[in-house]
Every structure is written in C-alpha cells, then in structure tokens.
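Numbering (the numbering used here), first residue to last: 1 to 200.
Hints listed in this document are in silico derivations from the structure and should not be mistaken for laboratory results. Not one of these hints is a red herring.
Calculated lysine to aspartate or glutamate pairs in the DMTMM-like style (CA-CA distance at most 25 Å, straight line):
no., residue 1, residue 2
1, 121, 171
2, 125, 171
3, 125, 70
4, 125, 173
5, 125, 157
6, 121, 157
Okay, the calculated beta carbon distance ranges per label pair:
no., residue 1, residue 2, range
7, 29, 187, 27 to 33 Å
8, 111, 151, 17 to 23 Å
9, 140, 90, 25 to 31 Å
10, 142, 105, 17 to 23 Å
Quick caveat: nothing in here was measured; it's all calculated off a predicted structure. Here a beta-carbon is modelled for each residue, glycine too, at the ideal position from N, C-alpha and C.
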Amino acid sequence: MGGADTMAGYGGNDSYIVDHAGDRVSEAVGGGIDRVLASVSHTLSAGQSIELFGTSIPSATTAINLTGNEFAQTIQGNAGANAINGGRGADILTGNGGNDTFVFNSALGGGNIDRITDFNKAQDKIHIDNAIFAGLGAGALTSAAFFAGTAANDSSDHIIYNNSTGALSFDSDGIGGAAQIQFATLSPGLSLTASSFFVV
1 MGGADTMAGY
11 GGNDSYIVDH
21 AGDRVSEAVG
31 GGIDRVLASV
41 SHTLSAGQSI
51 ELFGTSIPSA
61 TTAINLTGNE
71 FAQTIQGNAG
81 ANAINGGRGA
91 DILTGNGGND
101 TFVFNSALGG
111 GNIDRITDFN
121 KAQDKIHIDN
131 AIFAGLGAGA
141 LTSAAFFAGT
151 AANDSSDHII
161 YNNSTGALSF
171 DSDGIGGAAQ
181 IQFATLSPGL
191 SLTASSFFVV
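All chains, full assembly: derive it from the sequences and hints.
Shown next, in the form of structure tokens:
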C-alpha cells in the first residue's frame, strides 16, 4: 500500500485496496466474489474478474473516476462528483450522491445494458460517445434528438427514454428501418429531457 502495487488473488473472495494511480489488480475468472475499493481514480484492466467495484470511503467527497471492463460489475461512487463508466457487460451503476457523470462509450448490444440505480436529473449527467452514438454531433444533446416514449416519433429522435419502464435506447435513424437499441435502464418516471445528456 502507498506505492504502485500489483495485487493478485488465488481463489476465494478477495478484497483489493487501490490507493495509488499505478496499482494493478490481477484476478482470474472463477476466483470467487471479488471487490476493488479505490480511493483514487481507477480503471479495471481487461480480463480481470471483479464483481464489486467501489470507493474505499463512500462518504468522501473527492472526485473519483471508476471504469469497469468487459465483465459485469456493480460499481458505486462516493459522495463526490464521480465519472462512472461500466465499460462492456451488464453493469449496475450507483453514483451515491454528488454531481455524477455516467459514461457510455462501448459498443451497444443486448449484453451491454447498464442499470443506473440513482440517476438524479437535477445534478447528474449522461455522457455518450459520438463514435458509438453516431450522427448526434458533439456537445449538448439537442432537444430535437430526444424523445420520451416507447419509440421514436420522427426522424430526428435518437435518444429514447421510456418513462414507464426506465429503458434508455438509441435509435440511429429515428422512425427509419433500424431498430432502437437499449443501452441503459434508469428509474421510471424521471421526466427526463435532453439537458441530461452530453455528446463527447
């Protein structure tokens, strides 16, 4: 602890404390229910099977960025302004208070639908990558590109929020022939608008 460490588990339920930007965790698939607790920003390396990924002090207000990998993780920030990126896999994301940013920049598909447990439209944001969500243009999402409903209403609707189920989807061509693809689930009834989204 204190320096750049490489930590490895050999079976069982392991806990790793990450307190340096250079720390690395090595955990094979099938090695138990393992968790990483970070006090600094951290990205899980590819191939590391970590089920629980969070901050070592949940009440802390220092901004921490947490990025998952290709496996499904439960990721929880602290009380500060976190940037949380599930990576690939069906992740469960919790900001835990603060002005949090939830990042979506990996390929869309049925196995990559994240659940955001505590999205607060008054303070949180969703950042979507223009390379994945093609055609939106960088910057604040335009009001014309957002629609609250079960499906796109016209050709300009690309980000669709189902207010009844909480499903959040991308439709590449609005009411064209391409099917919308769900990429997240939020709480229902949030009355979201385009102001919750930013294209990077």
